[in-house]
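Asks: Taking the hints into account, I'd like the entire structure generated from these sequences.
Everything in the sequence shown is counted per our numbering, starting at 1054 for the first residue and increasing by one.
Treat the hints with care, as some may be off.
As the list claims (entries may be wrong) - List time: in silico DSS-like cross-link candidates among lysine-lysine, alpha-carbon distance up to 30 angstroms: (1) K1254 with K1097; (2) K1240 with K1254; (3) K1104 with K1144.
If you're looking for bench data, these hints aren't it; they were derived computationally from the structure.
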Amino acid sequence: MHRRKFLVSTAGMLTLRPACLCAQNAPPSALSFIVVTDTHLGYKDKDTAQKLWRQTAAEIAAAEGAFVLHLGDVIDGGRMEQYPVYLEGRKLISKPVYEVPGNHDPVEGFQQHLRPQVDTFFDHQWLRIVLMNNAHRDSHDGFFTSEQIAWLSMTCDEAAAKNLNLLLCCHVPVHDNKHPDRGWHVKPGGGQAEFYEIANKHAPRILAAFHGHFHNGLRGWNDHAPMHEVCFPSALYNQDRKLESQQAPGYNPLEFRPGFTLVSIMNGALHLCFKAVGEEPKPLRELKLGAA
1054 MHRRKFLVST AGMLTLRPAC LCAQNAPPSA LSFIVVTDTH LGYKDKDTAQ KLWRQTAAEI
1114 AAAEGAFVLH LGDVIDGGRM EQYPVYLEGR KLISKPVYEV PGNHDPVEGF QQHLRPQVDT
1174 FFDHQWLRIV LMNNAHRDSH DGFFTSEQIA WLSMTCDEAA AKNLNLLLCC HVPVHDNKHP
1234 DRGWHVKPGG GQAEFYEIAN KHAPRILAAF HGHFHNGLRG WNDHAPMHEV CFPSALYNQD
1294 RKLESQQAPG YNPLEFRPGF TLVSIMNGAL HLCFKAVGEE PKPLRELKLG AA
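Replies: Rendered as structure tokens:
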């Protein structure tokens, strides 16, 4: 496994160094965007999530970034009447916003209100962002069908032919995680091995796999190097499961406020800067991950 440096500055920035960004054919220009996830509008049948989403959307609108990725659980518990409420908040954001469904999002509601074609991709400069639905309403685990795996393989092959780097996005993490973690992921029978086969084939091009779902702040692993696997903080609530103190594999910086993440790619690194809603960024700590 490759050694890579993970650094946190006093501005609250976690720095990841994917191998594909350190190669001689590194991207020619800097790129920045925003990640938000798990807004859960309608949570507990109260307006708390709605109010927080409007505040979050206003701050996202004021932040730098070419586009916004929402990594799922737009609404809570299948409350489809909340999609128009979400869209009202989204109108505050002048940037393009791209969502993936979470396990709280009914596919039919997602298609009706957000995007008819659920599994899709878009290209931005030198990067192809792949958006996939791997969540079911009746499970916390993730699933890829054989048709999705075939589509993902074809999409990555096309990106390689165009000399594009790749970012893979779906709600549920693929990475194994056991106690003290949630234990929610794509199991071997749900397409996990096939996903990693594609990731390994295109390893020189894949920056990361991005996920939501966990509500544990920023959570990540790098043992499938050179691909990073990252779960992002919820915009509604996060919980401290004491993963760092229990020496759980990977990393879980001690930051659990609601917020969103500013992502920038420059100087051969992927920078993740957490922005708590209504507050200044909180300094994190230095992380050095990867085997010798």
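Asks: If a hint holds in the structure, say so; if it doesn't, say that too.
Replies: Here's how the hints hold up against the structure:
Taking the CA atoms of K1254 and K1097, the gap is about 43 angstroms. The hint is violated against a cut of 30 angstroms. At roughly 20 angstroms between alpha-carbon atoms, K1240 and K1254 fall within 30 angstroms of each other, so this suggested pair holds. This hinted pair checks out: K1104 and K1144 have alpha carbons roughly 14 angstroms apart, not beyond 30 angstroms.
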